[in-house]
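Peer 1: Chain residues, written in single-letter form:
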Amino acid sequence: MEQVIFYGLALIAIVGALVTIFARNAMYSVLALVVTFFAMAGLYLQLNAEFVAFVHIIVYAGAIMVLFLFVVMMLNLNSVSSIVSNNASVKWLAGLFGLAMAGILGYGTYVTTLPARGNNPAENGTVKVLGKMLFNEYLLPFELTSVLLIATMVGVIVLTKKEE
Amino acid sequence: MEKSIFDTVPLEQFVILSLVLFCIGMVGVLRRRNMIVVFMSIELMLNAVNLLAVAFSAHRGDPSGQVFVFFVMVVAAAEVALGLAILVMIYRNVKSVDVNALKQLKW
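Going down the list, the sequences are from chains F and G.
Using my numbering, you'd call the opening residue of the first sequence number 1 and step up by one each time.
Using my numbering, you'd call the opening residue of the second sequence number 1 and step up by one each time.
These are computed hints drawn from the structure, not numbers from a lab.
Be aware that one or more of the hints could be misleading.
[Unchecked claim] Dumping the calculated SDA-like pairs for lysine to any residue here, alpha-carbon to alpha-carbon at most 20 Å: (1) F:K161 - G:L82; (2) G:K103 - G:A81; (3) F:K128 - F:F142; (4) G:K95 - F:G118; (5) F:K128 - G:N34; (6) G:K3 - F:V156; (7) F:K161 - F:L75; (8) F:K161 - G:K103; (9) G:K3 - F:L75; (10) G:K95 - G:K3.
[Unchecked claim] Chain G regions said to be covered by chain F (calculated; three or more residues, Cβ under 8 Å): (11) 38 to 45; (12) 68 to 74.
[What the hints assert, rightly or not] Partial list, computed: chain G residues near chain F (C-beta under 7 Å): (13) T8; (14) L17; (15) L19; (16) C23; (17) M26; (18) V27; (19) R31; (20) A77; (21) M89; (22) Y91; (23) N93.
The beta carbon of each residue, even a glycine, is placed where N, CA and C say it ideally should be.
Extracted from the complex, chain G is given alone in its bound form:
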């Protein structure tokens, strides 16, 4: 068995850390009304999942997990670019980035 971080820090602690980060991101999505901060909270949640994938990949000794993290990063980059473009367009139309500014879409 090669020497690794799991000799001193068990896998459970990585799982708990990513759990905490994911829940912080979720609270941010639910609580903030600024759309930019909501986007950043979504990024935080994606990163928590990435951390979990890399931790399990290193734990099992299977590099496939890291390839998947790479794909998640690509999709996250595309998502942010599109999301911010939509946000800029919303700002041009309603002069606000408040999530409640788009109430007309409700019904």
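Same shape as in the complex, but just chain F:
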């Protein structure tokens, strides 16, 4: 049963990813990527990582993809004619590079012996455990992310402000 769910979610994720990069309309790309993200949240749940799964849905499907949708709708790209004609050789080269990368990484996976399995108690992925870690060992990076976010916010406002 677990296996069937895993293969189903993996298939949905891969098909969503393929639709994302091959769809002509940017809107379809965004929606396909949302599907991929939900499938990945399911995979996180299968791995007993509830906290990561929920944060993934809230941050990616809830915030990032809405931002993408917002920009796609605001720019109204269907009315924009493309400037340069499609270059067929670039497309083939891109596919070739992707296959080469897959081959290299696959070979690396094949020759590497994976580490031994450790005991993973079910509460490892919960908010309780991860929250304790975030506020003990990882307190400094956690506080620094707030600096990063405020700097980003200021930067975005400065960048998009229309000049008078």
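Knowing the structure of chain F, use the given hints to seat chain G on it.
Peer 2: Coordinates of chain G only, in the frame set by chain F:
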């Protein structure tokens, strides 16, 4: 040993799945000329790495990996917000989101 997904689905299959997703994202970055889709492909690659980190974290029984995934998500959110702001600015200037529209930056 507690019961987990790795009893039925070995770790290798998670590694292969994230490998496939990463390579799809890479092809998207190389092949598309629409900057928005290029950004989405980068998100896909980040997510493939996140999946790998969570799989190894669950495999080893060490929650540190999931904390790192949390930080990666924060940085990805900041990156997308800034990237889309730059994209909107480029669109205002050259009226296009084609990556080839910025040829003047080449030399």
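Peer 1: None of the hints should be skipped; say for each whether it holds.
Peer 2: Comparing the hints with the structure gives:
A threshold of 20 Å between alpha carbons decides the hint, and for F:K161 with G:L82 the separation of about 13 Å falls inside it, so the pair holds. This hinted pair does not check out: G:K103 and G:A81 have alpha carbons roughly 24 Å apart, beyond 20 Å. Using a Cα cut-off of 20 Å, the hinted pair F:K128 and F:F142 holds, with the two alpha carbons roughly 16 Å apart. For a cut-off of 20 Å, the pair hint linking G:K95 to F:G118 is broken: about 54 Å separates their Cα positions.
A C-alpha spacing of about 42 Å is found between F:K128 and G:N34, which places the hinted pair above 20 Å, so the restraint is violated. Note on G:K3 and F:V156: the hinted pairing is violated, with a Cα-Cα distance of about 46 Å set against a maximum of 20 Å. For the suggested pair F:K161 and F:L75, the alpha carbons sit about 16 Å apart, so the restraint of at most 20 Å is met. Taking the CA atoms of F:K161 and G:K103, the gap is about 25 Å. The hint is violated against a cut of 20 Å.
A threshold of 20 Å between alpha carbons decides the hint, and for G:K3 with F:L75 the separation of about 50 Å lies outside it, so the pair is violated. Taking the CA atoms of G:K95 and G:K3, the gap is about 56 Å. The hint is violated against a cut of 20 Å. For the segment 38 to 45 of chain G, the proposed coverage by chain F is satisfied: 5 residues have a C-beta within less than 8 Å of a C-beta in that chain, meeting the threshold of three. Under a criterion of three residues with beta carbons nearer than 8 Å to beta carbons of chain F, the stated coverage of the segment 68 to 74 of chain G is upheld, 5 such residues being counted.
Against a cut-off of 7 Å between C-beta atoms, the interface hint on G:T8 holds, since the closest Cβ of chain F lies about 5 Å away. At a threshold of 7 Å, the smallest CB-CB gap from G:L17 to chain F is about 5 Å, leaving the interface hint in force. Interface hint at G:L19: satisfied, since its Cβ lies 5 Å from the closest Cβ of chain F, which is below the 7 Å cut-off. A distance limit of 7 Å between C-beta atoms decides the matter here; for G:C23 the minimum to chain F is near 4 Å, and the interface restraint holds.
The restraint placing G:M26 at the interface with chain F holds, with a minimum CB-CB distance near 5 Å, inside the 7 Å limit. With 7 Å as the threshold, the beta carbon of G:V27 comes within range of chain F, its nearest partner Cβ sitting at about 4 Å, so the hint holds. The beta carbon of G:R31 is positioned within 7 Å of a beta carbon in chain F (closest approach about 4 Å), and the interface hint is therefore held. With its C-beta approaching chain F no nearer than about 6 Å, G:A77 sits inside the 7 Å limit, and its interface hint holds.
A hinted interface residue such as G:M89 counts as satisfied when its beta carbon comes closer than 7 Å to some beta carbon of chain F; here the least separation is about 6 Å, so the hint holds. With a least beta-carbon distance of about 6 Å to chain F, the hint placing G:Y91 at the interface is held under the 7 Å criterion. The closest approach between the C-beta of G:N93 and any C-beta of chain F is roughly 11 Å, which is over the 7 Å cut-off, so the hint fails.
Going down the numbered hints, you'll see the structure goes against 2, 4, 5, 6, 8, 9, 10, 23, while the others check out.
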